[in-house]
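Working from the sequences, and respecting the hints, build out all of it.
These protein sequences, in sequence, are chains C and X. Positions 1 to 116 (our numbering) are the ones given, in order, by the first sequence. Positions 117 to 226 (our numbering) are the ones given, in order, by the second sequence.
Please note that the accuracy of each hint is not assured.
Calculated Cβ distances over 10 Å to all of chain X for the following chain C residues [claimed, not checked]: (1) Ala2; (2) Val12; (3) Thr13; (4) Glu20; (5) Gly28; (6) Gln41; (7) Arg64; (8) Glu72; (9) Ala109.
Straight line, CA to CA, 25 Å or less: simulated PhoX-like cross-link-like pairs of lysine-lysine [unchecked claim]: (10) C:Lys57 <-> X:Lys213; (11) X:Lys158 <-> X:Lys184; (12) X:Lys158 <-> C:Lys11.
Source of the hints: derived by calculation from the structure; they are not laboratory data. We put the beta carbon where it would ideally sit given N, CA and C, even for glycine.
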Amino acid sequence: GAGVSQSPSNKVTEKGKDVELRCDPISGHTALYWYRQRLGQGLEFLIYFQGNSAPDKSGLPSDRFSAERTGESVSTLTIQRTQQEDSAVYLCASSLVFATEQNIQYFGAGTRLSVL
Amino acid sequence: GESVGLHLPTLSVQEGDNSIINCAYSNSASDYFIWYKQESGKGPQFIIDIRSNMDKRQGQRVTVLLNKTVKHLSLQIAATQPGDSAVYFCAEIGGFKTIFGAGTRLFVKA
Numbered sequence: 001g002a003g004v005s006q007s008p009s010n011k012v013t014e015k016g017k018d019v020e021l022r023c024d025p026i027s028g029h030t031a032l033y034w035y036r037q038r039l040g041q042g043l044e045f046l047i048y049f050q051g052n053s054a055p056d057k058s059g060l061p062s063d064r065f066s067a068e069r070t071g072e073s074v075s076t077l078t079i080q081r082t083q084q085e086d087s088a089v090y091l092c093a094s095s096l097v098f099a100t101e102q103n104i105q106y107f108g109a110g111t112r113l114s115v116l
Numbered sequence: 117g118e119s120v121g122l123h124l125p126t127l128s129v130q131e132g133d134n135s136i137i138n139c140a141y142s143n144s145a146s147d148y149f150i151w152y153k154q155e156s157g158k159g160p161q162f163i164i165d166i167r168s169n170m171d172k173r174q175g176q177r178v179t180v181l182l183n184k185t186v187k188h189l190s191l192q193i194a195a196t197q198p199g200d201s202a203v204y205f206c207a208e209i210g211g212f213k214t215i216f217g218a219g220t221r222l223f224v225k226a
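The structure is reproduced here in structure tokens:
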């Protein structure tokens with residue numbers, strides 16, 4: 001596609017429910033990243049994928065968070081038993097490769113999650 | 117370093133003035149740096165980059181300066197316009213890792 005696409009753009013859920021957030025990266029981009037951004041704050045790194053593999057999951061806030069990627073394309077971020085502190089914008093980005101040079105990340109518009 | 121739990125510092129400038137946004141990076145081994153701009157309701161977008169073997173790079177109305185001695189990066193915006201109002205993030209890349217700075221919110225007063 002033309003850019004990174006995330007869905008849904010907004011999600012309102014009740015505390016304790018599970019949610020799935022989807023990211024469609026730019027076609028051909030091998031690296032994919034998930035970030036969390038609380039209101040008025042910076043970017044909190046969650047996880048990255050190189051192909052379908054996630055070498056480093058240490059950024060995930062708790063074991064309620066998980067992510068997967070299939071076909072070196074679509075990725076889903078799943079939050080189980082959501083809590084109010086999970087409310088934030090979840091941003092996805094992709095880059096052509098995961099390398100030190102020219103690793104420009106292209107971001108989607110994010111999914112705004114509100115946990116009531 | 118990574119920006120967790122911090123509220124964004126704010127820079128307010130008059131339309132037409134020059135803006136300077138600063139960033140202190142953490143890893144002396146970082147060899148590539150990027151500035152991103154995030155407008156309200158959107159994801160961050162690439163503005164300009166610089167490699168560690170350079171100390172200055174110019175784009176259209178933007179200039180990035182790199183001082184490796186003190187691990188400092190700055191973004192200069194010439195003749196700031198209302199459309200420049202956004203949050204600006206620096207990012208350092210090294211060792212297969214990208215670290216975003218805390219971000220600075222730029223307000224442009226008409």
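A quick look at each hint next to the structure:
1. No Cβ of chain X comes within 10 Å of the Cβ of Ala2 (chain C); the nearest lies about 14 Å off, and the non-interface call holds.
2. Non-interface status of Val12 (chain C) relative to chain X is upheld: no Cβ of that chain comes within 10 Å, the nearest being about 17 Å off.
3. At roughly 20 Å from the closest C-beta of chain X, the C-beta of Thr13 (chain C) stays outside 10 Å, upholding its exclusion from the interface.
4. At roughly 19 Å, the least C-beta separation between Glu20 (chain C) and chain X is larger than 10 Å, which holds for a residue marked as non-interface.
5. Gly28 (chain C), annotated as away from the interface, keeps every beta carbon of chain X farther than 10 Å; the closest lies near 17 Å.
6. Not every beta carbon of chain X lies more than 10 Å from that of Gln41 (chain C), the smallest distance being close to 6 Å; the non-interface claim is violated.
7. With 10 Å as the threshold on Cβ separation, the claim that Arg64 (chain C) sits away from chain X holds: the shortest Cβ distance comes to roughly 18 Å.
8. With a closest Cβ-Cβ approach of about 18 Å to chain X, Glu72 (chain C) is found to remain outside the 10 Å limit, as its non-interface label requires.
9. Residue-level check failed: Ala109 (chain C) sits 5 Å from the nearest beta carbon of chain X, not beyond 10 Å.
10. At roughly 13 Å between alpha-carbon atoms, Lys57 (chain C) and Lys213 (chain X) fall within 25 Å of each other, so this suggested pair holds.
11. Using a Cα cut-off of 25 Å, the hinted pair Lys158 (chain X) and Lys184 (chain X) is violated, with the two alpha carbons roughly 31 Å apart.
12. Of the pairs offered as hints, the one joining Lys158 (chain X) and Lys11 (chain C) holds, with about 16 Å between alpha carbons and a cut-off of 25 Å not exceeded.
When the structure is compared with the earlier hints, violations turn up for hints 6, 9 and 11 and for no others.
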